[in-house]
Amino acid sequence: LGLRQPANATARTEEQALRLAREVGYPLVVRPSYVLGGRAMEVVYAEEDLKTYMTDAVRVSNDSPVLLDRFLDQAIEVDVDAVCDGTDVLIGGIMEHVEQAGVHSGDSSCCLPPYSLSPQMQQELREQTSKMALALKVIGLMNVQFAIQNGVVYVLEVNPRASRTVPYVSKATGLQLAKIAARCMAGRSLADQGVREEVIPRYFSVKEAVFPFVKFPGVDTILGPEMKSTGEVMGVGPSFGEAFVKSQLGAGVRLPTTGTVFVSVKDADKPKAVALAKALAELGFALVATKGTAAAISAAGLTVATVNKVQEGRPHVVDVLKNGEIAMVINTVEEKRGAIHDSRSIRTTALAQRVTYFTTIAGARAAIEGMRHLQQLDVYSLQELHATL
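Here my numbering = 1-based position in the sequence shown + 41.
Keep in mind that the hints are not guaranteed to be accurate.
[What the hints assert, rightly or not] Here are the simulated lysine-lysine pairs, BS3-like style, with alpha carbons at most 30 Å apart:
1) K307 - K92
2) K350 - K313
3) K220 - K256
4) K332 - K319
5) K212 - K172
6) K319 - K256
No lab work stands behind these hints, which were simulated from the structure alone.
All of these numbers come straight from a predicted model, not from anything done at the bench.
Let's have the full structure, built from the sequences with the hints guiding it.
So this is what it looks like as structure tokens:
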């Protein structure tokens, strides 16, 4: 079909995995050959990380090979649900993930219709999905996961089955996808059912994952390829920001309206963190950051206090969190085991103190957009929303 996918390889021994990894190139997504929910799935950035993964996480053999995929850093991930009857393809919905590629699709917030993809890009996704559905001779539901990096579309995964997103898409669009797909499987075409047109709502529907972290004190809340959520909710509104903030409220996340926000991000995220800091300052929040992040924010002309990292001595950020001085945490780290471990105490303390936290820039950006709508939230019924379709 001429569709792109990330460079990949399959390894059956540890030596083969290390050799193929050099050929494919780091960073890599590594996983056992068959997993559900991203179990034992990890992003590795260097050979040492891969050796540790091969030793600790999996036993590789001819019967259970390890899959190596080039990780598309800073890519936008997109889910597409579709129904095919063998002749025609119905696009159920195009869902743009809020978190970047690398966060498990079950843990990422997503928005239908997409909030930042161009009409041309959405059409490209429709065409690629239709090509695959017909080529695979799918009868019924199908889910495709795409990644878009620098305007180029890559196919990550194709599943000829119902996805966990089907109930969400059905609620958002009013199309009963499971019923339509079941009828296709029983021999009724999409034309016979009178459903060949994709429904694109005029409103935004945001799906947010619900996490059980509060039930497990001490667990690390950082998101990655392994799924951690146990449920999901949906928020709806005329703008992405309103829909997103409703999804947060539904998931039990309380976004602050005043107070101090703590910011500590990895080097690659510092320019984006400055933009977030400006938006927070405009909303009236005070800022506190670790030295490197504070220097970047201060250089942009913003007022920011400095606090020590845990390893730099007291008083440090965990002390400030325990004292109840922080209303929200934005914390991103290098995706390496050492860096994740060093910053774990920040995230676990925020969880224990019931402080709202974000571990991705994209999630924090969406939250700030949503916080602009906290003072004026309208309630809609699904019936009146579906009547506009």
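Okay, the hints, checked on the actual structure:
no.	hint	verdict
1	K307 - K92	24 Å, holds
2	K350 - K313	20 Å, holds
3	K220 - K256	36 Å, violated
4	K332 - K319	17 Å, holds
5	K212 - K172	26 Å, holds
6	K319 - K256	34 Å, violated
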